[in-house]
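Put chain B with the ligands on the given structure of chain A with help from the hints.
Protein chains in written order, with the numbering used here: chain A, 909 to 1258; chain B, 362 to 642.
The set of hints was computed from the structure by calculation and includes no laboratory data. All values derive from a computational prediction rather than experimental measurement. Hints should not be assumed to be uniformly reliable.
From the structure, some residues in chain A lie toward chain B, with a derived Cβ separation under 10 Å [claimed, not checked]:
no., residue
1, P911
2, F914
3, S1007
4, K1010
5, G1146
6, G1154
Virtual Cβ for every residue (Gly too), placed ideally from N, Cα, C.
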Amino acid sequence: MQPIQFGRREIVLTWPVKCRVGVRAAAITLVMLGGVLVLAAMSLVYGTMQVRLIDAVGAIFGQAEGMTRTVVVEWRLSRVVAAIVFGAGLGVSGAIFQSLTKNPLGSPDIIGFSSGAYTGALLVLLGTGAVSFAMVATGAIAGGLATAVIVYALAFRGGSKGFRLIIAGIALSAMLSSLNAMLLLRSDSDAAFSAAAWGIGSLNGVSWLHVAPASIVTLVLLLLSGLQTRALREIELGDDAAKAHGVSIERSRFLLIATAVVLTAVPTSVMGPVTFVALAAPQIARRLAGSSRSLIPAAVMGALLLLASDFLAQRAVKGTILPVGVVTLSLGGVYLVWLLFSQARKRQHD
Amino acid sequence: MINTECQDERHQKGHMHLPNSPLWAHHLTVSYDKRKIIQELSVQIPHNSFTVIIGPNACGKSTLLRALSGLLKPELGHIVLDGKALAASKSKEIARKLGLLPQSAIAPEGITAADLVARGRYPHQSLFRQWSETDEQIVANAMEATGTRELSHRLVEELSGGQRQRVWVAMALAQQTPLLLLDEPTTYLDIAHQIELMELFAELNKQGNTLVAVLHDLNHAARYATHLIAMKDGHIVAQGRPGDIVTEQLVEEVFDLPCKIIEDPVTKTPLIVPIGKRNSQ
Ligand SMILES: Nc1ncnc2c1ncn2[C@@H]1O[C@H](COP(=O)(O)OP(=O)(O)OP(=O)(O)O)[C@@H](O)[C@H]1O
Ligand SMILES: [Mg+2]
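So here's chain A without its partners, still in its complex pose (with noise of 0.2 Å):
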């Protein structure tokens, strides 16, 4: 009998798993890594103090003293590896929940669970003042998980799910935003100086003490949730149909949620609510990549977004650094903008 034909080339993987790998999507996948490494070692390189490729490798390989270990691993490398997997966190939680909402504008940037977690941290940072990373970070998750509780729970009421989620979500986001700046404008500490710098999205000035944790944290979940990957197909089909192929749907919805949540809530908790990378990675990667049932292309994408975008932050503007938010939140715009016009043409079609 011929091979089936899938509408894609594929080949099928025997090792680490057995799978069937579409072609194009894996090579488009390098293709993005190779940018995450050509954009990772420009980052290294370049910059008030230009260093030679050669020297900022054998600086992270323990190779190098003084001025030049401390920028190019306290300073640039923290920032680099941030950038990297706090965007594949980001791209990964934008994947899951717009194919849990079953819409392109579910991701956590929009439906509100940035802020949230941004109010989160808020809450905890000038609550308490100064206080420990991992205080921050738990106020984060806190605070992202609470708004993932309150949206649901307006939008389930009536059973029709994916759009009245978002738009329940919207409000809420909205909402929290004038919390959050109304935080920040009530205390005028040094705290609410530098999380006001903060409140758009920076990398600026982030160092290992909260990467390090963070980025393990981040890494750990990216995982669960590859692990998650079957389940989140299986509901794409319906509850009905999911169920009927065995998947426990409460239990994986609920371990995809929280994932999620937790994946954008600690990279907000170091580097405050960057927009955009959740809503137009996973959309872009798959625009590029095709459908696939993988979340990797949406991680690369992710990665390969926030790094190009606090590359250009860093030297945009001469003389000053932007924070990465402001970046990502002119192409979110830009993005965005065109994602509503795209829909609404759509839906005229339909």
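Same frame as chain A, but now just chain B with the ligands:
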């Protein structure tokens, strides 16, 4: 405990008892948000049967199928699949014994027909074995059987309603369960494809599968079913061999539809001919 209840069942109402029924329900009450859709319903799907459920819209056919397949927890009563209480079975274990084609399933954007059919293999796969030659063979066979092989590379959203329906049926077949529950599998199909699919189900039934289908076409039901269940308002009105139970009174009672019943010239099964208001004088 189950045994004694089986015996209760036998004494009650004189229902026939089918000792090797692969799927039966006892005193089932199913509700949506407190509204009882099905009350105190007992049913046994005969082993190796092609059971067809008929009944008017909103009488609870889909609800019954969803309860029988473990999608909907009954408020009262219990369901036994392969001798084991459904409530005590793991969902993946159920999915290897019982397949369901739901009335409303969603095709994700950008999915090809073959990909969708391959989703039916989920209960047989694991994290480390997400695809195998067996899967490929079974997907190919399911698509062959439903005449969707040529559509395999096409996007599901770009198929016609009937083509899409056959792809969904192929997905249910790919699950390869001894028991298959189908909610309106022939809706959207032209008459030739309807017959083709009904023959496929009859063939699967002959090969030893037990099938339960909700159908709206009474003549197809009467022709192909080995066991017919007529439902109204969440109750079973009659059940048995189509030749034994399909009468003008039954159709009138269940559907409020005056009709004449003649013999199907091809299969000698009952053929229902509605009279209609205009012709009723
Ligand atoms: N998810 C739901 N939530 C609340 N009520 C529901 C739900 N699904 C069905 N119902 C109600 O339950 C009743 C039975 O519906 P069901 O879908 O079982 O009917 P059916 O016999 O399959 O009808 P049809 O022939 O139209 O498919 C209807 O009154 C319907 O409105
Ligand atoms: Mg129905």
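These are the hints, each one checked on the structure:
{"no.": "1", "hint": "P911", "in the structure": "holds, 7 Å"}
{"no.": "2", "hint": "F914", "in the structure": "holds, 5 Å"}
{"no.": "3", "hint": "S1007", "in the structure": "holds, 8 Å"}
{"no.": "4", "hint": "K1010", "in the structure": "holds, 7 Å"}
{"no.": "5", "hint": "G1146", "in the structure": "holds, 4 Å"}
{"no.": "6", "hint": "G1154", "in the structure": "holds, 3 Å"}
When each numbered hint is compared with the structure, no violation occurs for any of them.
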